[in-house]
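J.: Sequence:
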Amino acid sequence: MPVHDRKSSDRLWRACKLQTYFTAKGLIDYFPVVDSPVGATAIQAGGGGEEGISSGPALSEQEKDLFASIRADNINASEDARELAGIVEGGAGTRADRIPWLVRTGFADHLQGLRDVEIMRSYTLPGGAKGQREGGKVSDVQRIVAAAEAYFRDVNALCSDLSPTKKLTAQRARMLTQYSSEAAGGGGTGDRPKLFGGTKNRGSLKKYTRRMTQLLVFYYRVVFCEDGHFTREDDEQALPQDVIKPTEDQINAMDLIVSRLREQDEEEGAQVDGSSTEGGGEDERGDESEGTEEEEEEE
Numbered sequence: 001m002p003v004h005d006r007k008s009s010d011r012l013w014r015a016c017k018l019q020t021y022f023t024a025k026g027l028i029d030y031f032p033v034v035d036s037p038v039g040a041t042a043i044q045a046g047g048g049g050e051e052g053i054s055s056g057p058a059l060s061e062q063e064k065d066l067f068a069s070i071r072a073d074n075i076n077a078s079e080d081a082r083e084l085a086g087i088v089e090g091g092a093g094t095r096a097d098r099i100p101w102l103v104r105t106g107f108a109d110h111l112q113g114l115r116d117v118e119i120m121r122s123y124t125l126p127g128g129a130k131g132q133r134e135g136g137k138v139s140d141v142q143r144i145v146a147a148a149e150a151y152f153r154d155v156n157a158l159c160s161d162l163s164p165t166k167k168l169t170a171q172r173a174r175m176l177t178q179y180s181s182e183a184a185g186g187g188g189t190g191d192r193p194k195l196f197g198g199t200k201n202r203g204s205l206k207k208y209t210r211r212m213t214q215l216l217v218f219y220y221r222v223v224f225c226e227d228g229h230f231t232r233e234d235d236e237q238a239l240p241q242d243v244i245k246p247t248e249d250q251i252n253a254m255d256l257i258v259s260r261l262r263e264q265d266e267e268e269g270a271q272v273d274g275s276s277t278e279g280g281g282e283d284e285r286g287d288e289s290e291g292t293e294e295e296e297e298e299e
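In case it helps, full-length UniProt numbering puts the sequence shown at residues 1 to 299.
Treat the hints loosely; a few may be bogus.
Said to hold, decoys possible - Straight-line distance between alpha carbons at most 27 angstroms, and here's what the computed DSSO-like set of lysine-lysine pairs gives:
1. Lys166 - Lys206
2. Lys207 - Lys166
3. Lys137 - Lys64
Calculated from the structure, these hints are not laboratory results.
Work out the full structure: start from the sequences and follow the hints.
T.: Written as structure tokens, this is what we have:
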């Protein structure tokens with residue numbers, strides 16, 4: 001009998017699972033994965049041990065604590081890196097350094113130190129006024145956007161060739177286009193497009209309306225609201241609400257808009273109170289009328 005105590009018909013290997021991985025220069029290496037016996041523990045993503053399959057011998061308590069601390073450090077480092085990545089840092093070679101009007105306005109300087117999420121939310125349009133929030137109340141900024149969109153539609157109706165309420169004649173359109181070209185330094189219409197022409201691309205109108213409403217939303221959230229929308233990371237940081245100084249006309253216009261909103265709230269409140277009172281009487285009369293109909297049917 002051979003020393004290895006095996007027959008010639010027996011295989012000299014046993015089936016196992018292999019885990020492959022890439023090494024230097026595109027080479028692939030591997031190592032065997034052994035199923036742990038029942039009762040062995042494996043390190044899970046949460047750091048605790050549960051019964052399952054392990055890729056090696058069971059770890060000691062010290063090794064488990066070490067791997068758990070390393071995993072916790074990695075999670076904390078990832079969260080810190082994600083938070084830092086969400087803050088705009090100064091740097092050359094960006095788009096703001098190439099576009100002339102961005103350079104003149106110092107657009108990139110005002111963004112430094114601000115959070116990406118807050119920058120996007122500062123001009124993001126809210127949900128429509130029809131989509132009421134909890135409690136059935138629509139926010140002021142939703143009502144402002146809805147009114148602005150309605151105003152832009154009315155203006156387009158006065159200028160569009162397809163509108164029956166058109167007020168802008170061809171002569172007026174030419175005069176306005178010439179005036180705008182001269183004011184911009186063009187010296188007349190020339191080959192310039194008809195800025196005040198009656199035919200407008202529907203996609204362009206939608207884009208212009210969206211940009212104007214986004215500007216209104218930005219002004220309301222950043223300039224008008226007391227909190228200024230943006231978070232101050234340190235006491236010396238200059239936020240947009242500290243730099244932007246609205247004109248007297250802008251202040252008066254926004255105050256007028258807000259006062260009108262408050263008047264609408266009072267009117268709606270009075271209507272709700274009146275309808276609730278009248279609604280009780282209507283319900284009573286309705287019950288009486290239904291009773292009368294039933295009596296007539298019985299007769």
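J.: Taking the hints in turn, state whether each one holds.
T.: Hints, verified against the model:
1. Taken as a hint, the Lys166 and Lys206 pair is honoured in the structure, with Cα atoms around 19 angstroms apart against an allowance of 27 angstroms.
2. For the proposed pair Lys207 and Lys166, the alpha carbon gap of about 22 angstroms is at most 27 angstroms, so the pair holds.
3. Straight-line distance between C-alpha atoms of Lys137 and Lys64 comes to about 53 angstroms, which puts the hinted pair past the 27 angstroms bound.
The structure is inconsistent with hint 3 alone, although it conforms to all the rest.
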